[in-house]
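Asker: Each chain, written out:
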Amino acid sequence: MTREETLNELKKVIAPYTVNKEMLAGINDQTDLIRDLKINSANLVDIIIDAEAKYDIEIDYDSADKMTNVGSCLDVITEKINQK
Amino acid sequence: MISTGNDIVALKAINITRTKQQNFYRKIISDSEKALYDEQFSDSLPFEHFVWLLWSIKESVYKYLQRITPELVFSPTKVIITKLEAPVNNTIQVFGGRDFNDKTVYKGVAEFGAHTLYSRSIITEDFIFSVINHIDNFERVLWGIRPIDSCEPGRQSEGVREIALAMLNSLFPDAKLKIDKNLHGIPVLLKNGVEIPVPVSLAHHDHYVAYSFAVSA
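Quick note, the sequences are listed as chains A and B, same order.
So in my numbering, spot 63 of the first sequence is number 208, and the numbers just go up one at a time.
So in my numbering, spot 180 of the second sequence is number 737, and the numbers just go up one at a time.
To be clear, the hints were calculated from the coordinates, so they are not data collected in a lab.
The model shown is predicted, which means the values in this text are computed figures rather than measured ones.
Idealized CB from N, CA, C, for every residue including glycine.
A portion of the hints provided could be inaccurate.
Claimed, not checked - Which residues of chain A face chain B? A few of them, derived with a C-beta cut under 7 angstroms, are: (1) Arg180; (2) Lys183; (3) Asn185; (4) Ala187; (5) Val190; (6) Ile194; (7) Tyr206; (8) Asp210.
Unchecked claim - Residues of chain A clear of chain B, computed beta-carbon distances all greater than 12 angstroms: (9) Thr147; (10) Glu150; (11) Ala160; (12) Gly216; (13) Leu219; (14) Lys229.
Using the sequences provided together with the hints, build the complete structure.
Answerer: Below is the structure:
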C-alpha cells in the first residue's frame, strides 16, 4: 500500500470524528488531529482502535502516543503494516 | 510554577459498548487501575464511567503538566491513578465556584514520573468533570461547567471562554481580560493585553464546556 493509499484510508478512519470536512479533504503530514481537525481528545482512542481494525495491525502504547498529526499517524501505520 | 488542568466528558457522547471492550479500555487504564475498579468500585460505578473518570483525570494531569513542559506527549497509560476515594454523597447541586464540597466529589491521587498530583471529580448523569492541583487542597482553584446549545467547535470555544471570563471578570473587575492561546496551544490569560500568571484550563466535549483556573490568594 502506497502512502497516498494509506492516507486515503486514514481519511475514512478520521471522518466520523471531525466536523471539519473541508480540512479533512486537504489534510497533509502537518495537519494536527486536535488543533486543525478539531477532533476531541476523547476520540483519539477511537481513531487508534479503528485504525487497528482497518489495517489489521496492533498499535502499542508508545506508537499510539506519537499519533498526534497525520504524518505521524501514517508513519506508525506504515511501520506496523510492514511488521506484519 | 502553578498550573491547572481540567477535563469534561459528556456521557451521552461516549460509546458504552466500545468502552467496555478490553482493546479499548486497555489503552486508557492500566492493570493496577482495573484492579482498583474491581476492588473498590464495581458495586457502585458502571465500568464505562470508571474508564472515562480516569480518562478525565489523566487528561487533566496532562494539561496541568503541559503548561510546565510544553513538549510533553499525552500518554494515558503512563499516568497512574494510585488512589481514588468515592464521595459520601453524590448529589451535586453546584456546577461552579471556588474549591469543592469534598463530600460530593471523587478524590484521587495521580502519578506521572516524579510528579504526584491530586484530583477532584464530579460525576452526574450527563457528564464527568475533573480538575487537577499540585496539593490536596483546592481552596485556590476556581472552576465551572455549563451546557451549551451546539457542539460545533466554534461554539464550544466561544462558550467556554464566556463562562471562564465571567468568573475571571468578577476577580478583575476593572481590567480588560481575554483568553488567548500561546504557541503551544495552551490557554493564557491576558489582562489589558499583557499575559498574567493566572493559569487557565479550558475543556469541552459535545454539549458541555468547563474551565478551571488557579489563583495565588
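Asker: Against this structure, judge whether each hint is valid.
Answerer: Tested hints:
For Arg180 of chain A, the interface hint holds, since its Cβ comes within 7 angstroms of a Cβ in chain B; the closest pair sits about 6 angstroms apart. Given hint, Lys183 of chain A at the interface with chain B, holds; its Cβ is 4 angstroms from that chain's nearest Cβ, closer than 7 angstroms. Interface hint status for Asn185 of chain A: upheld, as the beta-carbon distance to the closest one in chain B is roughly 6 angstroms, under 7 angstroms. At a threshold of 7 angstroms, the smallest CB-CB gap from Ala187 of chain A to chain B is about 6 angstroms, leaving the interface hint in force.
Interface hint at Val190 of chain A: satisfied, since its Cβ lies 5 angstroms from the closest Cβ of chain B, which is below the 7 angstroms cut-off. A least Cβ separation of about 6 angstroms between Ile194 of chain A and chain B falls short of the 7 angstroms threshold, and the interface hint therefore holds. Using the Cβ-Cβ criterion of 7 angstroms, the hint placing Tyr206 of chain A at the interface with chain B is satisfied: the shortest such distance is roughly 5 angstroms. Given the 7 angstroms rule on beta carbons, the hint for Asp210 of chain A holds: about 5 angstroms separates it from the nearest Cβ of chain B.
At roughly 28 angstroms, the least C-beta separation between Thr147 of chain A and chain B is larger than 12 angstroms, which holds for a residue marked as non-interface. Every beta carbon of chain B lies more than 12 angstroms from that of Glu150 of chain A, the smallest distance being close to 25 angstroms; the non-interface claim holds. Distance check for Ala160 of chain A against chain B: the nearest CB is about 15 angstroms away, which clears 12 angstroms, and the non-interface claim stands. Listed as a non-interface residue, Gly216 of chain A keeps its Cβ farther than 12 angstroms from every Cβ of chain B; the least gap is roughly 15 angstroms.
At the 12 angstroms boundary, the C-beta of Leu219 of chain A stays outside the reach of chain B, the nearest C-beta of that chain being 18 angstroms off. Its beta-carbon lying about 17 angstroms from the closest one in chain B, Lys229 of chain A satisfies the requirement of being farther than 12 angstroms from that chain.
Checked against the numbered hints above, the structure breaks none of them.
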